[in-house]
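Residue numbers (the working numbering), protein chains in the order written: chain A, 1 to 331; chain B, 1 to 316; chain C, 1 to 326; chain D, 1 to 348.
These are calculated hints, taken from the structure and not from any lab test. Small disclaimer: the values here were computed from a predicted structure and weren't measured. Hints may contain errors.
As the list claims (entries may be wrong) - Partial chain B-side listing against chain D, Cβ under 7 Å, derived:
no., residue
1, 140
2, 141
3, 204
4, 206
5, 208
6, 209
7, 212
8, 214
9, 224
10, 227
11, 228
Glycine included, every Cβ here is placed at the ideal spot set by N, Cα and C.
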Amino acid sequence: MSLLSVRDLTVKFAMRDETVTALNGISFDLAKGERLGIVGESGAGKSITGFALMNLISRPGFVDRGEILFHDEDVVKMSDARLRELRGDKMAMIFQDPMVTLNPVLTIGQQMLETLMAHRKLSREEARQIAIVKLREVYIPSPEERLNQYPHELSGGMRQRIIIAIALLLDPELIIADEPTTALDVTIQADIMELLLELCQSNKVGLILITHDLGVVSQMTERTLVMYAGRIIEAGRTREIINDPQHPYTQGLINALPQQTLPGQKLRQIPGNMPSLTNIPPGCPFNPRCEYATDLCRTTLPEIIQYGEVRVACHEVERLHAEGARQEQDA
Amino acid sequence: MNTETVSPTMEPSRWSKIVNSNMAYSFRRNPVAVVSLIIFVLIAAAAILAPVIAPYDPYDPMQINIMNSEYPPAWIDGALPEFMLGTDDQGRDLWSTILYGTRLSLMIGICAVALQAFLGISIGLIAGYIGGRLDSLLMRMADIQLSFSTLMVAIIFLAVTQAMFGSELFNRYAVFFLIAVIGVAEWPQYARTVRATVLAEKKKEYVDSARVLGFGPGRIMVRHILPNSLSPIFVISTVQVANAIISEASLSFLGLGMPPSQPSLGSLISSGFDYIFSGSWWITVIPGVVLVILVLVINLLGDWMRDVLNPKLYKG
Amino acid sequence: MFAYLVKRVFQAIAVMFVISLIAFAIQGNLGDPLRELVGQSVSEEVRQQLRDDLGLNDSFITQYLRFAGNALQGDLGTSYFFKEPALDVIMKKLPATLELVLGATVIIIGLSIPLGVYTAIKPDAIVSRIIMGISIVGISIPVFLTAILMIFVFSVEYGWFPSFGRGDVVHVWGYWETNFATADGWMHIILPSIALASIMLPLFVRLIRAEMMEVLQSEYVKYAVAKGIKPWRIYFVHALKNTLLPVITVGGVQIGTMVAYTILTETVFQWPGMGFMFLEAVNRVDTPLIVAYLIVVGFIFVVTNTIVDLIYGLVNPTVNLARMGA
Amino acid sequence: MKDMNAQTPLVEIRNLEKRFDLDQGWLETLKFRNGRFVRETRGVHAVNDVTLDVNRGEALCVVGESGCGKSTVARLVAGLLTPTKGEIHYDGARIDNRSRAEMQPLRKKIQMIFQNPYASLNPRMTIRQALEEPVRHHYPTFSVAEVRDKVTEVMMSVGVDPSWAKRYPHEFSGGQRQRIAIARALTVDPEFIIADEPISALDVSIQAQVLNLMLEAKESRGLTYLFITHDLSVVEHFGTRVAVLYLGSVCEVADTATLFSHPKHPYTRALLSAVPQLKDDRPNHIRLKGEIPTPINLPQGCPFQSRCAFANNRCSSEKPNAIHQPDGSLVACHAVEEGRLDEGMVGT
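Construct the entire structure; sequences and hints are all you get.
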C-alpha cells in the first residue's frame, strides 16, 4: 500500500482578471520509506506541489480538483483541526532558506518544544529531553546550550540541521524538503544531504525532495518526477531518468550541464524560456523549445504514458528513442 | 545565434500603456479611490475658483455687516435666503468664507509639502548616497527632530515668533510663517523615507553597473536612483498634504496661524467654537466637515496609492 | 549593551544641551525682564544699575552658564504672571496632563492591539472593513475638532458629560491630585482622554495591522503552520512579538506628538494642565514660564525616548545579544 | 605557462587586502573585560593578502564559498571598492588609487557583469536608454545615428531583437535580461570583463545559453575574463585557470585541467568532492569539520586550519605562503609543502 497517493492534483491562482493554472493534473504515488525527487526549473510548479501536499496553499491560490491521499485520507478535504494533527507530526516539511524559516524572536528550545507539545501530551522536561536527543541525531554540538539560543546566533548550516531535527521530532512518515540546501554552500550542502539521506534510511521515513539540481536528485532519491510548466512530463526510477532520459526536455536539461560537455566547447543549450503560467502555448507546453516538435505537438497535449521503464508525456518519444539508438550505433 | 523568434507585438501607444497599466486598472476597480478623486477635484476646483464662485468677498470689510452675524444655514428656521450656509460671528457669508478658507488651507498644505519635499529629498538623497558620518549626523538630527513632533516644534516656533513680532505683523505674514514652519519641521519624514529607499536602491546592481560605466555621482543620483525612489515619495507626499492641512488647522485653532480676518478652515472652526454653546453650531461644524472631507479623501487616495505601489516604507 | 547604553545617555545629554540653548536664546530675545520687574517709570541709570545687578550685561557665555547652572538646580526663573517659581507652576499643572496622557495611552494600547491583530487576521471580515473605515476617518479628523464635536454632541446636545475642567480631584501626594478617585473626576476625564486618543488610536491600529499582515506572510509563520501549531499561538506568540518591535519604535516617536496634542485637547476642554498653561503663558508673554515649559517638555521627551530605545534593545534579541556578545 | 610569462599580465593583483569596519563610532570599540575597559576594533577581513595575475585572453575563475571574499576581489578590481592595502595594476599601470576622473579612460576597457539580472538593469529605463547611455558617455562625439547603430550592432550580437529596444526590463525574462546586461557592458568595447556570479541566479537551461554567449563574445572580441563563481562544474567548463579562495586567502591557483585532475590543497579536494555528480548513487564527499568561520578577527596561521584534517601546530601559528608546484600550480598549504598530505591520502 502506498503512503501517499496523489491523483489529478490541480492548483490554480486567482489573478487580476483570470485564473492561472499553476499545477495541472499531477498524479503520483509514494511508497512507505521511499525517496522521491521532484525536479524542474523555477516556475515549473515543484514548490507548489510540495506545499499542496500539506494543504498549505494560501490565497490567491487554491486546489481546484484532485485528491491527495495520505493513508487513504484526503488531505484536500481535511478539516483544519485534522490538518493540524497531521502537519509536523506524520508529515513534516523542511523549508528552503534556513535564515528566514526560524522565528527570530523565539529560542530554538521554544520552537522545538512547541512542536512536540502541540502533538503529544508531554511535560516540558520530557519534551526537552526528546529535543536534545534529536539535536544529537543531527550532530549538533552541545545541544543543551543550543536550546537557549536564538536563531541569529547560529550559522545557516546549523539552522538547517535544527530544522531537520524539528522535522524528525515526532518520527514522521513523510518529510517534504523544498530545496533544503539551495541557500547553503557546497560543502555544507553535501553534509546536510548526507545527513538527510542517512536519517531517512535509518528511520524508514519517506522523502519528497524538491530541487532544481539533477546531481542532488541522482544521489538522494530512488524515483524522480520531472516537471515543466505545471505538469509532470517524465517520471520513473532516478537511475533510468538520469542515464536514459526519454523526454526531450529532460534530455536537454541533462545535456545543458557543463559536466556533459568538453571544457571550452559550446554547451548544448535549450533555446528559449519556460513559458509563463499566464501564457502556456497550446499542445505540448514544451513545443516552442523542442527541436522534435511536430504539428501534433503544437495542437494536442500529450498524455503521460508508460514507455519502457518510465512514464513520459511526449508524442514523439518512439521516434526520439529510435534516433537515439541510431546515434549510439553511429558512435 | 539565438532562437528566440517571438516577434515583438505592436508597440502600444503611450496613452494606452497608461490606461492599461496596473495603476489605472486598480484605480478603476476601486470605487473608493474614484469617488475620492472626484471629490478632491471638486473641492480643489471650488477652492481655486473661489473668487469666481463665492457670492461675497470675505476679505472685503465693505461687504460685511456685523448685523448679519450668526444667521443659520438655509434649511433652518430663521435663515436669510442670501446666506446659503448661514453667516459667522462677524456676519460674513459662511459659504464664501469656507471657499476662501479651503483655498488657503489647501494652498498652505501643498506649498508646505513642496518645501518639505525639496528639503527632504535633497537631504535624503545626499545622506543615503554619500553615507558615512554625514549620514549618521543628519539622521540623528532627523530622529531627534521627529521625536519632538512637528506640531510641538511649530507651536513653539510660532508662539515665540508671535510674541516677538507682535500679532499685527505676525498676522500679515502668517501664511508664510505657516508654510515655512510646517515645511521645515517635517523634513525628517521625507528625508528618512528617501534615504531608506536610496539605501535599498544603492545596494542594487544597476547602481554598481552605472559606477563601473564611469557615470558621476550626480548623474547616478538624479538619473538612476531618484526615478526608482518615486513610489514611496508619491505615497508620503499624499499623506503629508493631509497632515499639513491638519497641522495648519490645529495651529490656526490655537491662534498661532491664520488670523480671523483672513480665516483658513482652522481659524474659522476656532472662531466658531466660542458660539457652539449658544447654539450657533454651524460656524464650527460646517467648516469642520469640509476640513474632514478634504483630509479624508486625500488620505483615501494615499491609502489606495500605498496598496498599489506597495513601497517598503521606512519604519521607526 | 554597554556601548548602546552610553551612546543613548550621551545623546540624551546632547539633546538637552541643544534644548537649553534654544530656551536660553528665547529667554534673551523675548520680552524685557526689566519692564516686567519695574514697569516703564524708572530712570535710565536705575535701569542700567538693575541690568548690572541682574547680570544682563555679562557675556553670552556667562549668562548661559548661569542659566544652565540655575536650571540644573531646578531654578527656571519666576513666572511674571503667577509671581512664583516657574518650575512650581509647571509641577502643579503636570499631574493633570500626565493623567490625561495616561487615560489616552490606556485607550490606545488597550484597543489598538486587539483591533490591529483582529483586522490583520481577518482582513476581509465585515467587522474589519468597518474598523478600517472608521480608522481612516479617525486619522482625518484633527484632535481639536474631535474634541469640539464631542463637546457639541455629548455636552451641549445630550449633556451626558461635563465640557470643561477637571471636576472633583483628590489630593494624593505632593503636587499630585488625581481624577481617578471620584466619579465626577472620571466623568471629567473621559471625553478629553478619548479626544486625545482619537488620532493616535487609528494610527496604531493601522500600523499594527500593516506590520502584522507583513509578519503573517513571513516564512517563519508559514513554517509554524507547517509544524501544526495552533492558530492562537501563531498569532500571539510567533507573530505579535515581531509585530510589536517596530511598533515600539514608532510609539517612542509618537510621545512627542502626544504632548503636542495635549495642548490642543487641554485648550478645548480648558483642562488645567501644562498645555493649557503654556498657551496662556504665550498670550501673556510670560517668558520664564514659556522657557520652563520648553525645558520640562524637552526633558520628558528625552527621558521617554531613551527608555523606549532601551526597552527596544532589551525586547529584541538580535539587538541585545549582538551587542552584548561582542 | 612559460610562454604566458613572456608577456606581462593584463591585470596584476598584489597583496590585496580589504577590511570592513564593523564598529559604528569609537564608543562601540570600548569593551568591558575583566573589570577594565579595553579598546577593541572589529572588522571583517574580507580579502587578505591576495596576489593574482590575469593574463590576456584567459578566463580566470575565482571560486569559493560564501564569505570567502571572491565578490570583494571582483569589486576591488572593478574599482567599486578601495583596497585597504595592496595594489592593482592594469596593463602595467596602477589603478587602485586613481580618482574617478583618472579612472574614466579605463572604464571603457574594464566592464562588469553582475549576478542578479533582475537588479542590474535600471527598471525605469527602456533597453534603448540603458544601452545608449554608456555609448553617449564614453563617445561624446558620436552622432545620434552612430549611437543607434552601435547599440543595434551589440544587441544583434547578444541575440536580443533590436526592435525590443523600446521595452522596459520587467518585460523580459531573467535570461534575456542577462543578455541585455552583457550587451550593456559590451557597448563600450571593453577588453576585460569581470563577471560576478553571472549565471547563478538563472535556471539550468538558461545558464547554458548565457555561458555560450560569454564564450562566443570571448572569441569574437578577444575578451579577458575574471569570472567569479561558486559552481565548480561551470569552472571546469569555462575557465582556463582557477583560483580557489577560502576566508579571503588564496589556497590554490592552477590551470583548470590540472586543478580538476590533481587538486592539492585539502580545501580544494573537499570542495571538488562535494559537487553532486550525476553518475553517483550516493553522496561520497570528504567531510570537513565544523563550518566556515566568520571572517571577523581572523585567527593566526592558516585560515583553513579549523576544518582541516591535516592541521598541526605549524598550521595554527604560521600562515602558509603560496608555493609553486612541479606542475605549475600554486598551493598555500604546509601539509602539501611538507608532503604530509599525500601520505595521509595513501592511508585512506
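Outcome of the hint check:
Interface hint status for residue 140 of chain B: violated, as the beta-carbon distance to the closest one in chain D is roughly 11 Å, over 7 Å. The criterion of a C-beta within 7 Å of any C-beta in chain D is not met by residue 141 of chain B, whose closest approach is roughly 16 Å, and the hint is violated. Because the smallest distance between the Cβ of residue 204 of chain B and any Cβ of chain D comes to about 4 Å, under 7 Å, the interface hint for this residue holds. Interface restraint check for residue 206 of chain B: the shortest CB-CB distance to chain D comes to about 5 Å, inside 7 Å, so the restraint holds.
Interface restraint check for residue 208 of chain B: the shortest CB-CB distance to chain D comes to about 6 Å, inside 7 Å, so the restraint holds. Interface restraint check for residue 209 of chain B: the shortest CB-CB distance to chain D comes to about 5 Å, inside 7 Å, so the restraint holds. The interface hint given for residue 212 of chain B holds, since its Cβ lies 4 Å from the closest Cβ of chain D, which is under the 7 Å cut-off. Of the supplied interface hints, the one on residue 214 of chain B holds, with its beta-carbon coming within about 3 Å of a beta-carbon of chain D, less than 7 Å.
With its C-beta approaching chain D no nearer than about 5 Å, residue 224 of chain B sits inside the 7 Å limit, and its interface hint holds. Nearest Cβ of chain D to the Cβ of residue 227 of chain B: about 4 Å, under the 7 Å cut. The hint holds. Interface restraint check for residue 228 of chain B: the shortest CB-CB distance to chain D comes to about 6 Å, inside 7 Å, so the restraint holds.
In this structure, the hints that do not hold are numbers 1 and 2, in rising order.
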